[in-house]
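With chain A's structure known, arrange chains B, C and D on it following the hints.
Number of protein chains: 4
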Amino acid sequence: MQIRVYYEDTDTGGVVYHSNYLNFCERARSDAFFRKGLTPVLEGGHFVARKVMADFFFSAKLGDLLDVKSTLLKMNGASFVLLQTIHKGDEKIFELQITLAYITFEGRPQKINARTKELLGSLF
Amino acid sequence: MQIRVYYEDTDTGGVVYHSNYLNFCERARSDAFFRKGLTPVLEGGHFVARKVMADFFFSAKLGDLLDVKSTLLKMNGASFVLLQTIHKGDEKIFELQITLAYITFEGRPQKINARTKELLGSLF
Amino acid sequence: MQIRVYYEDTDTGGVVYHSNYLNFCERARSDAFFRKGLTPVLEGGHFVARKVMADFFFSAKLGDLLDVKSTLLKMNGASFVLLQTIHKGDEKIFELQITLAYITFEGRPQKINARTKELLGSLF
Amino acid sequence: MQIRVYYEDTDTGGVVYHSNYLNFCERARSDAFFRKGLTPVLEGGHFVARKVMADFFFSAKLGDLLDVKSTLLKMNGASFVLLQTIHKGDEKIFELQITLAYITFEGRPQKINARTKELLGSLF
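Protein chains in written order, with the working numbering: chain A, 655 to 778; chain B, 655 to 778; chain C, 655 to 778; chain D, 655 to 778.
Chain A extracted, bound-state conformation (with noise of 0.2 Å):
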């Protein structure tokens, strides 16, 4: 997923927020099911952050276009694991290892059942 670095991205520094590539990730998790005409509102629940991990390397500026991949790292019983890069060009500036657990709309833990494992499989 190709995004484009706008004003709302950067602060004052001159650079892109430091949270906001948190944001250019969550939007390639969410364009991962759009594309496919789905939304990352299932049926049952949807999935929330647990855990990050991130490392930034490098900054990117107004109009930048990043590049951000998303792969499944591991599937657990009732969360799974991306780890999630941006590169402008051919440098890696960003890295996210991110914990989405799957929970019900009352925002209780709930396992993932197998659909969705294949789903999410079929996707990431």
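If you're looking for bench data, these hints aren't it; they were derived computationally from the structure. A couple of the hints might just be wrong.
A pair holds if it fits inside one copy or across any two, identical chains being indistinguishable in the list.
Derived DSSO-like pairs: lysine-lysine, alpha-carbon spacing no greater than 30 Å straight-line [as the list claims (entries may be wrong)]:
#1 Lys746 <-> Lys765
#2 Lys705 <-> Lys690
#3 Lys690 <-> Lys728
#4 Lys715 <-> Lys705
#5 Lys723 <-> Lys771
#6 Lys765 <-> Lys715
#7 Lys723 <-> Lys765
#8 Lys742 <-> Lys715
#9 Lys771 <-> Lys690
#10 Lys715 <-> Lys771
#11 Lys728 <-> Lys771
#12 Lys746 <-> Lys690
#13 Lys728 <-> Lys746
#14 Lys728 <-> Lys765
#15 Lys765 <-> Lys690
#16 Lys723 <-> Lys742
#17 Lys742 <-> Lys765
Just chains B, C and D now, with coordinates in the frame of chain A:
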């Protein structure tokens, strides 16, 4: 209501990103409810922006401390109009006239009942 | 310009947070420059919002695909006025009239020279 | 530092958008400077996020009042590590370990001099 400008509010131009002044005004509107132990989500519905007219006079920068003031301009049947100003010290840097419509949780416009009008009158 | 609605654009009301429609319009303005290999930060200065008038007709939701169109309404000596609309399918959900002032990097208003006027005329 | 949750902080899932907890922690870091009449932009440079590790335990909602606490974990030659927690009442809802690198205004890493180390030690 006093609002401090943080990194996230600024952009690469070195000043507050234009639409964030509207966010500051929204915080002030919600805060009027919170300070009384209430919430802007009422029993029968909530408010959405229908129309805004805003003037940007001066810019705010990282670390600035801003004052937001809200005055009720007009109460209609299904909406009301607020005048909100943002000052930095003695200087008015932003002025907003915003029309807020009262809608049901399904998104349909609805009349503001007498009790809610009274509440709004006491808040702004 | 097409814009997809992501989680970050929405709020707990279930729809796009009001001021984010202004962000979408700003993306479209910057994109007009980016698509020609240019940037909205010109040699001698850049543009800031001076006045906005906006109408919110309908709400957009997570996953919606929106179209932003921009038309030059008026060119003044030191500012210009754009009409920007956001459509969701055939339905106009948002309309913005925005006055953008040309300022130096020190923040002082300045005349828009003939070359920049020509550029703006070709973009919008 | 106390932080109120406003509409802009939430998303259509009904809770605070995940990366905004990082913003809350950034506010607390900047606020440590502001409260002493200082700014996080120092004479010789400023700080950028280099690494984050975060755990999301519970969600915050519109109107919640959150407490952010920051503790200096480690001072390195050109960076330092903070532990930041967000509590909602007695409950810890978020924990962040963040490595902040000191860089010049041109973006190059640089050593944190003794005076700046002392300052950071007094703030966190």
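A quick look at each hint next to the structure:
Taking identical chains as interchangeable, the C-alpha atoms of Lys746 and Lys765 lie at most 30 Å apart only when they sit on different chains, with a minimum of 24 Å there against 34 Å within one chain. Taking the closest pair of Cα atoms, Lys705 and Lys690 come within 30 Å of each other only inside a single copy of the chain (26 Å); across copies the shortest separation is 33 Å, beyond that limit. In the homo-oligomer, the alpha carbons of Lys690 and Lys728 lie at most 30 Å apart inside one protomer (22 Å), although the nearest pairing across protomers, at 42 Å, exceeds that limit. When the C-alpha separation of Lys715 and Lys705 is checked against a cutoff of 30 Å, the pair qualifies both within a copy, at 27 Å, and between copies, at 19 Å.
In this homomeric assembly, Lys723 and Lys771 come within 30 Å of each other (Cα to Cα) only inside a single copy, at 19 Å, whereas the closest approach across copies is 38 Å. Only between protomers do Lys765 and Lys715 lie at most 30 Å apart by alpha-carbon distance; the minimum there is 24 Å, versus 40 Å within a single protomer. With identical chains, the CA atoms of Lys723 and Lys765 are at most 30 Å apart within one copy only, with a shortest distance of 26 Å there and 33 Å across copies. Taking identical chains as interchangeable, the C-alpha atoms of Lys742 and Lys715 lie at most 30 Å apart whether they share a chain (10 Å) or sit on different chains (29 Å).
Taking the shortest alpha-carbon separations for Lys771 and Lys690, only the intra-copy value of 16 Å comes in at or below 30 Å, while the best inter-copy value is 43 Å. Taking CA atoms no more than 30 Å apart as the test, Lys715 paired with Lys771 passes between copies only; the shortest distance there is 26 Å, against 36 Å inside one copy. In this homomeric assembly, Lys728 and Lys771 come within 30 Å of each other (Cα to Cα) only inside a single copy, at 11 Å, whereas the closest approach across copies is 40 Å. For the identical chains of this complex, Lys746 and Lys690 are neighbours both inside a copy (27 Å) and across copies (26 Å), given an alpha-carbon limit of 30 Å.
Taking identical chains as interchangeable, the C-alpha atoms of Lys728 and Lys746 lie at most 30 Å apart whether they share a chain (22 Å) or sit on different chains (27 Å). When the C-alpha separation of Lys728 and Lys765 is checked against a cutoff of 30 Å, the pair qualifies only within one copy, where the shortest distance is 15 Å, while the shortest distance between copies is 38 Å. Only within a single protomer do Lys765 and Lys690 lie at most 30 Å apart by alpha-carbon distance; the minimum there is 23 Å, versus 41 Å between protomers. Taking the shortest alpha-carbon separations for Lys723 and Lys742, both the intra-copy value of 12 Å and the inter-copy value of 28 Å come in at or below 30 Å.
Within a single copy, Lys742 and Lys765 get their C-alpha atoms only as close as 36 Å, which misses the 30 Å cut-off; across copies the closest is 27 Å, which meets it.
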